[in-house]
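Put the complex together from the two separate chains, hints included.
As you go down the protein sequences, you meet chains A and B in turn. The opening residue of the first sequence carries number 1 in my numbering; numbering runs sequentially from there. The opening residue of the second sequence carries number 1001 in my numbering; numbering runs sequentially from there.
Honestly, the hints are just simulated from the structure, not real lab data. In this text the structure is predicted, and so the values were computed from the model without any measurement. Treat each hint with caution, since some may be false.
[As the list claims (entries may be wrong)] Straight line, CA to CA, 30 Å or less: simulated DSS-like cross-link-like pairs of lysine-lysine:
id: 1; chain 1: B; residue 1: Lys1255; chain 2: A; residue 2: Lys340
id: 2; chain 1: A; residue 1: Lys340; chain 2: B; residue 2: Lys1236
id: 3; chain 1: B; residue 1: Lys1152; chain 2: A; residue 2: Lys401
id: 4; chain 1: B; residue 1: Lys1152; chain 2: B; residue 2: Lys1185
id: 5; chain 1: A; residue 1: Lys401; chain 2: B; residue 2: Lys1185
id: 6; chain 1: B; residue 1: Lys1214; chain 2: B; residue 2: Lys1242
id: 7; chain 1: B; residue 1: Lys1242; chain 2: A; residue 2: Lys340
id: 8; chain 1: A; residue 1: Lys401; chain 2: B; residue 2: Lys1242
[What the hints assert, rightly or not] A few chain B residues that face chain A, going by a derived Cβ cut-off under 7 Å, partial list only:
id: 9; residue: Glu1025
id: 10; residue: Ala1034
id: 11; residue: Gly1049
id: 12; residue: Gly1228
id: 13; residue: Met1229
The beta carbon of each residue, even a glycine, is placed where N, CA and C say it ideally should be.
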Amino acid sequence: MREQDAGARAKNFAEVACGYSVEEALREAERCLLCPDEPCIKGCPVSIDIPGFIRKIGEKDFRGAYDVIAETNLLAAVCGRVCPQETQCEQVCTVGESLEPVAIGRLERFVGDAAIQNAWGRVPSVAPNGFCIGIVGSGPAGMACAADMAKAGCEVTVFEAFHQPGGVLKYGIPDFRLPNEVVDAEIENLRKLGVKFECNTLVGRLFTIEQMIDEMGFHAVFIGTGAGYPSMLGVPGDSLNGVLSANELLTRCNLLRARDFPDFDTPVPLGRQVAVIGAGNTAMDAMRVCLRLGAHKVHCVYRRSRTECPARAEEVHHAEQEGIEFHWLTAPLAILDDGKGGVRGMRCIRMELGEPDDSGRRRPVPVKGSEFDFEADQVVYAIGTNANPIIGQTSRLRLNKRGYLETDGDLATSMAGVYAGGDIVTGAATVIEAMGAGRKAARSMKAYLGIRDAEHAATGGTLFGIDLRERNFARIRVA
Amino acid sequence: MHPGDLSRFEIVSRQDFSDATYLLEVRHPMMARAARPGQFVIVMSHEHGERIPLTIADFDRSRGTITLVIQAVGKTTREMQQTCKTGTTLHAMVGPMGIPSPIGRARKVVCVGGGLGVAPMFPQARGFKANGAYVIGIVGFRTKSLVFWEDKFRSCCDEFILCTDDGSAGIKGLVTEGIRRAIAKHADIEEVVAIGPPVMMKGCAEATRAHKIKTVVSLNPIMVDGTGMCGGCRVKIGGEVKFACVDGPDFDGHKVDFDDLMSRLRRYAREERAAAERWSENCRMKNLADPVAPAVELLELPDPFEDVKGG
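Chain B with its partners taken away, still in its complex shape (with noise of 0.2 Å):
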């Protein structure tokens, strides 16, 4: 086993879920083989661009390929949603990083997905489950036109709610209606882990606290290296500094700061927003110079920390 070429990261596959949501399969047989469930990735698409976070959403061994699902929502993820094609490779791509997320021996337990949340969740459902789990899974999404792997997790799950904002499909609310459910249902539930943006995985959990119930988030601040040599993704849990990317990224979610963690992800709103719009204008004028390319819409930006939904 010697590493070969490590530094060609070619994308043998691409799936898009929604206008927002696309999966990028990439290849890098030495990390799928090294990847463990709650393990992420820094990503660059291009030589001038951001190293960017990405929770692992699956590994192929076989394949040799890591996948990831990723929301267009900043200049880059919107940029990779338009260059990174089956064929094309990446600048970059180091990993797996972070503490694997441990699988334990929990007889009965709620793995909670919102949003691109559900991506990463799905191998962490699947590893319960080969541990003989019963696993109860509640996946949340704003509307039924973003719903993606219902099916693949379900093929994982003894139960499972879907929730929608809206009520488009599964039931009407967000997941914490589905945790409330199911605590209502399963006295012995063990443990609950939730992956999500940063305001679903606080509400989860408020929903367990009162239970006692064992709840594990996975958290993904704004990062730099990824190897604990910056500090940027620091983020406070039961009072004390912890850097997401080598103590984590999974927490105790009863002790996380989650307000602490909103408003840090909020560092480069005002950068992010002006590369965002630099960028769209920059398309807008190549559109003009070539009429028969489609425009490209300027989606309002949400909240910056919608940016880190799971992904």
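Next comes chain A alone, as it looks inside the complex (with noise of 0.2 Å):
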């Protein structure tokens, strides 16, 4: 696929990566053995017919293909771009044994923007039901459960706390990864599919999930408000000028547009040499924000190898080329204070691996003696969020003890009728797998409002006698 000459894309925040003409699309179509066992729909979160798309478009059926992929995913072209592929579907494709795997992401992509090119919106007639479906966050996990219960005929409304939805794929991904307009024009089928968004909300405060099951008419309530409260380092001269989380810097510039300042009215700090600690993705997109908005030195501070590195792999290898600096098996010590109330560098070790750890990985520890300084006049911080307190502030809903959501294998929180999915139950994790969960919190909703589900027929079964496909009639409150 052909992307923006490195050095030319550190300085803009146009897409990187150009995606497929028709002939590329058609030539890597090719590739794909149409294999029996079809291991990538297994290898896929929201398990998408990637066979029958790929065969669609070798018949240059594009609008079959994206046809195909819809009845799984709506949100083909963010998906294509977003997801780790090559840990999910392309990791198990049968033509990667020997060669390269097909690259399905690309593929899902190329029907996503002609999807998007050629307004092909699918809507469904879909006879309303007469629910109603309140959603939490208007992220990944909001978007995928409101398009599942939208089609199954409910009326669905979306809360975001924010002026504008899309969540993490709006304030957090970047432009040249995932350019707005592409986020717009998927919620803007959802629109077409009845789903309401209503911004600037704040729910737990403006009102809370119990007022929106007992006095505000919501027969069910997805909860998907997504991860919150970056962690700190805890080190010396963490709350100096100039140290800032990941998810503050891609807000300003992303959703708020600092990087057009003073254009836009919200300024966003500029570091000529940036420190970033993490090597996620959030990192990587911290990192490249700051080439673009500037920064002279980038540097990736991490304290395992890149092996461990969590980060998708096309995102570490553009910001190698895009000239980051990466300093593996380092752990920060101490930002240094530059006597004004600002960075002046920063103290690391050099770790060594150890014996694995719980997470399986080998643990890094610090090499004696090995401590030194670098030159930076910004820390940013992209190690990982802690649970936003919110939610379980203002309501009785049951929280685990690190203060996520509890949830049954159903994705059922402790009140009945209130689900929950994606980084508010399981702490920091992709938008693919985000998605998942609003898709399966859709199964357990449909099957809670006894909404016979013509994808997932309900398991069936009787519970004291009465068929548990069948409506229920009253709502009995657990917690």
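Spelled out as structure tokens, the structure:
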């Protein structure tokens, strides 16, 4: 796939990967063996019929290809760009056993972009079933859940605290990886399905989850409020000016358009020498945003080695091309003060890999006497997040000991009719995993409401002699 | 109760207290029902605007409105002073945010408001009064022309002390002088609540520390989302990092690291100054083109933390 030249793109916010032309897409589609055991479908968190849509591309029926994807995933243009395909569908691709696997993500993006360009909204005619669904958070989990519930005939309202819908797709992922227009187009598709978006609405404080069920007439609620509460390192210098979370940097730059300050009113700190702590996708995004804002040098400080780095392979590759300096096996010890409340540099220590820890990754241990300093005037933390406390503070929903919402295997919370999924349940994860959770919760909500689910026939059985597929006539509050 | 149209934030009334201080009453019936003393909102005046946190000065459930008192100091607040007229709308207003101030059953409290902080202090003083407390109100302004809400505040206080820096109204001195007098007169003060610029709240906390009187302050650091997502508003409380937006905004004044807060409030001083200057320049150009429009005076920018005088 064509890409913008690394030197040029590090100075602009236009998309790095240019996408397939029709010829390229056809050539890539031909590489798929359409093998009978379809391992890619099992590798996909939302089980897209991958060989099905690739076959349609091969037949030059791009609209048909989109319809196949849209059966399970309404956000093809987003997922084609941001899914970690190399650990999902492409990892298990049969072609990949001997050659490069089929570029499933790029093909999905090709189809998704074609759908946006040609305005192929899939608006199935659905008979309204009278159920009202409230969705808290308009990120990937909420969008996926909203799509499924709307397709089932429910009246769906999505509440968002920011002034624009899209959640992390808007405030987090930068335009050079996922342009905001793509997110807006996907949201427009949801609107065509009848989904309503209410922005500037902080659920928990403006009204509670209990009020949604008891007073506002929602028959079921899905909570997908996402990650929150970025972790700080807890080293000296943490609160110096010039130290900020990747979330703050990205939100200012992406959602509030601080990169266009002063045409937009929100400022963003401009570091000349930036150190980003962490090596996940958020860290990669933060580093590349800093470069584009004009930083001369951007360092990545990560305490494990490249093998353990959790970012998508393509992102690390792109970051390296753009000139990010990686300090693998390096842990921060302190942020050095310039005497005026700002940052002068960082003190780090070299690490080496020891025995495997709980996560199965080899635990990094410090190498004695290997401390060293380097100059930096801005430090960005991208070391993960803790649970956002707002829903916990304002509802009686049960939390686990880390503060995340507690759910059962069906993503039901401790309150009847209230489901949750995505980062607020699992802690930080990927866009597609959040979408998978949104869809799984939608299935459970349909079962709870007694909506017959054509795609996933109810498991059947009876409870107290009542067919489980029948509608519930009374809601029982457990919590 | 269905939310209906949550996306139109109409300004239903406006009042100007001085050259720099103005009040906006914004229609939002659902928020008026939900709001509690001590909470705040985040406002965007237009699509390209900044998200600025403003403490809720009052809420009226029967009128379905939220009242904000704003001081025109930076680019955004000065622009709003010109554009936010009765009948216009804000681009966004989200809230109520933060944990409401716990208005306990203290029998004797001192409610201290400094400058713009007088506005958000008012609903708390009213709440304490409604709970049957003996309320001593202390409000402070730089000078007489900046005084607002004196009667409104006085009406819910059993004792009231007005302080001005230059002595042009009430007693001459800072609010800490008022606190000193209140403590000297009453040995049984159970709680002091203070809202105002950080340096004032720091002074209040120091004034009560030796007397071991519980002192609650309301912090208003720089924020982006207001939902605990960015950590921009982190403050140090007794050595621990807390986020003012979701863990506060109220904290124990004796534990707050005010120096850290004041330093962090200056983070964008340079950008703020540049934006304000550029904006003033644009206004001047517009005024040259339109000779009837009044000239906009560029106020000398105070320290950025003045910006947060309670609002």
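Hints, verified against the model:
1. Lys1255/B - Lys340/A: The given pair, whose Cα atoms are some 23 Å apart, holds under the 30 Å limit.
2. Lys340/A - Lys1236/B: holds, 18 Å
3. Lys1152/B - Lys401/A: This hinted pair is violated, its Cα atoms lying about 46 Å apart.
4. Lys1152/B - Lys1185/B: Holds - the C-alpha atoms of lysine 1185/B and lysine 1152/B are around 24 Å apart, at most 30 Å.
5. Lys401/A - Lys1185/B: violated, 48 Å
6. Lys1214/B - Lys1242/B: holds, 19 Å
7. Lys1242/B - Lys340/A: With a Cα-Cα distance of about 23 Å, the restraint between lysine 1242/B and lysine 340/A holds, given a limit of 30 Å.
8. Lys401/A - Lys1242/B: holds, 19 Å
9. Glu1025: violated, 18 Å
10. Ala1034: holds, 5 Å
11. Gly1049: Nearest chain A Cβ about 5 Å off; hint holds.
12. Gly1228: holds, 5 Å
13. Met1229: holds, 5 Å
Violated hints, listed in ascending order, are 3, 5, 9; each of the other numbered hints is respected by the structure.
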